[in-house]
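Turn these sequences into a full structure, and let the hints guide you.
As they're listed, the protein sequences go chains S and A. The first sequence lines up with residues 1 to 311 when you count with my numbering. The second sequence lines up with residues 1001 to 1433 when you count with my numbering.
Bear in mind the hints are in silico, worked out from the structure with no lab data behind them. Quick caveat: nothing in here was measured; it's all calculated off a predicted structure. In this text, a Cβ means the ideal position worked out from N, Cα and C, and glycines have one as well. Any given hint might turn out to be false.
Unchecked claim - Have a look at the derived ranges for each label pair, beta carbon to beta carbon:
#, chain 1, residue 1, chain 2, residue 2, range
1, S, Asp11, A, Leu1226, 46 to 54 Å
2, A, Glu1410, S, Arg205, 47 to 55 Å
3, S, Ala97, A, Gly1273, 19 to 27 Å
Each chain, letter by letter, is given below.
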Amino acid sequence: MMGRGLLGIEDLEREDIELILETAFHMKEVGRREVKKVPTLRGRTIINLFFESSTRTRTSFEIAGKRLSADVVNFSPSSSSLTKKESILDTAKTLDAMDPDAVVVRHSVAGVPKQIADELTAPVINAGDGAHEHPTQALLDLMTVVEEKGRIDGLTVTIIGDIAHSRVARSNIYAFTKMGAEVRVAGPPTMMPAQVECLGVKSFRSLREALDGADVVMALRIQLERLAGALFPSVREYSATFGLDRAKLRYAKDDAIVMHPGPVNRGVELSHDLANRRPGVILDQVRNGVALRMAVLYLLAGRKPGATEER
Amino acid sequence: MAGRVWLRGGRVLDPASGRDGRADVLIEDGRIVAVGDALEGVSDAEAVNAEGLWVAPGFVDLHAHLREPGQEYKEDIASGGRAAAAGGFTAVCCMANTDPVNDDPSVTDYILDRARKESPVRVLPVAAATKGLAGEVMTEMALLVAAGAVAFSDDGKTIMDSGMQRRVLEYSRLVEKPVMVHAEDRTLVRDGVVNEGAVSTRLGLPGNPAMAEIVHVARDLLLAELTGAHLHVAHVSTAGAVAHVREARARGVHVTAEVSPHHLTLTDEATLGYDPNTKMAPPLRGKDDVAACVEGLADGTIDAIATDHAPHAVHEKEVEFTAAPPGVLGFETALAVVLELVRSGALTPLQLIASLSWHPARVLGVPMGRLERGAAADVVLLDPARRWVYDPAQGFSKSRNSPWAGRELEGCVLATWVGGRLVYQQGRGVLFP
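This is the structure in structure tokens:
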């Protein structure tokens, strides 16, 4: 995978994931220093090409690049080819001509990072595409679970919510199953993608059964615009059936950890106290996000095929 | 008009008469004057050695988009007609979703006038079923037929209002022309762009369920039964739709159906790379659906192979998968692609040729698709084994949107005659007009 970009966890081998995680733990150490900067990517250029607005992920990539001393440029063209009258591929090719060492792409439509990667010489990192994948999120989630549980193999991971529209769910399903965990999904039937078992998971309609014996519980953000798509009747009903609180969490293992990709709709998918629980796993996810993205940038932008290696 | 052409020693496939064997075909003054074993005493004829080749009736395409008037940057009647001739087609139906819509006899006149001047093949206009394809007011079917329309269809602007569809079918009895339906319940399709199932789940793209087609086919079959009208189901793509058509036929409903080369040979897995040139409406389906379409064609449930030739410009396709217009080119690859069904043993050569010529002609009730004495000499000469690599940039269509671009294909059209005139010859290109 390395050198070809990071488009999704589906394309990765277990060994790739292990290498990224190992590198990420080294990078995390940099974040604890007083001077949080290493010269590793000095003179390299990273473009954050975000067609879909994002503060958290873009900031995380930006900080990651800067901690490695790369020059990070943010480019956020508004909306799609259709309204802009410039095709996404033309935009990407234009940026490619400026010789970046990596391009980080986010788009609201699945597949766009792949379409762009097919045209570019620079490696492309998918920072989230539609309901397809969000690979760095899944990798940072793995990192967080390794820190909490010491392992992934043999764990039971339950993902709750709108699986159909979630790129976080898809990437996490691939990531955790490849690393030896059992992954379960639960949510309203209208939010389950067709033939979800093809992803290698068990699906549940009962939250209680899905949580039984779980080591890791991951709640997904519910998007209120799904109400209009007739996917669920009300926030109140969702919160009552699939919203996680202390009472429902009792079905999981006593030491189960609760994760969320953020931002949390408090009182909807997570009760207020779970969202604020100590120790704050959810904020660890954010912290690890920077280290993990440093690792990915280092592995992809740090080695340029054909270019002479600098030390 | 050309004089006499003597096609010697080819494998003559004429589904109307059931002939499949070595024979000569003699063309004179635009008509077939003799078909038989080693004709003798033929003089003053241009002899064409057809040894080892197939001689068949020119293909009749029930479903194509020529984009003229209004979208000539994608295709026009001249370029579409040339691509059709190169694909062995001698007559093509053009859908009404032009700009302006073909919902008025003046537009039909215009299309036929352009075709006479510019197209090497016959053009058979399909008029809109409702004005502006809006599903509200039906078109002047009698006047449109008088102008030359051969069928009626709102195609992709499927008539969702059941009461309106009933009236359209009922009124079509006046002109006794088929009503062609693009059967997709839009309320079930919603924003779906790929077949709903494992592939849509893996891609994270909105799914278009098979049930959207099945529900709509079931409704229209019942309305056809109610009205006695001739319903033609366009580009069938699901096992469920094939089963409903088969069952309706058995109970006497006047229904015919077509299937596209892509729905016969490609599955939804072709979309796994997010290539917008694999985006069609209806979408590519699963393995079982493809198998059911092939079986439906083999057992006669589905009458015809129709290309749904749908040119779109490169800049329209090189966008996000959801934003790309659905549809792919069909004329120049159709034969090679569907010959795969003969090689796999699913169809006999005669069945395949029937589904490309005699059967679609029968759906329209036009005197085409046969190689009998006295018939207009619409003839194709083809080599079922020749291999070639398809490059849309080298083709005759103005557009390039094909899932077979760059692929090696087997089976090649060598020559096409329309009304006895050689309009296309492999290696020489389009010769007329």
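Evaluated hints:
At about 53 Å, the beta-carbon gap between S:Asp11 and A:Leu1226 stays in the expected band of 46 to 54 Å. A hinted range of 47 to 55 Å holds for the C-beta pair A:Glu1410 and S:Arg205, which are about 49 Å apart. Between S:Ala97 and A:Gly1273 the Cβ separation comes to about 24 Å, which falls inside the hinted range of 19 to 27 Å.
Consistency note: the structure conflicts with none of the earlier hints.
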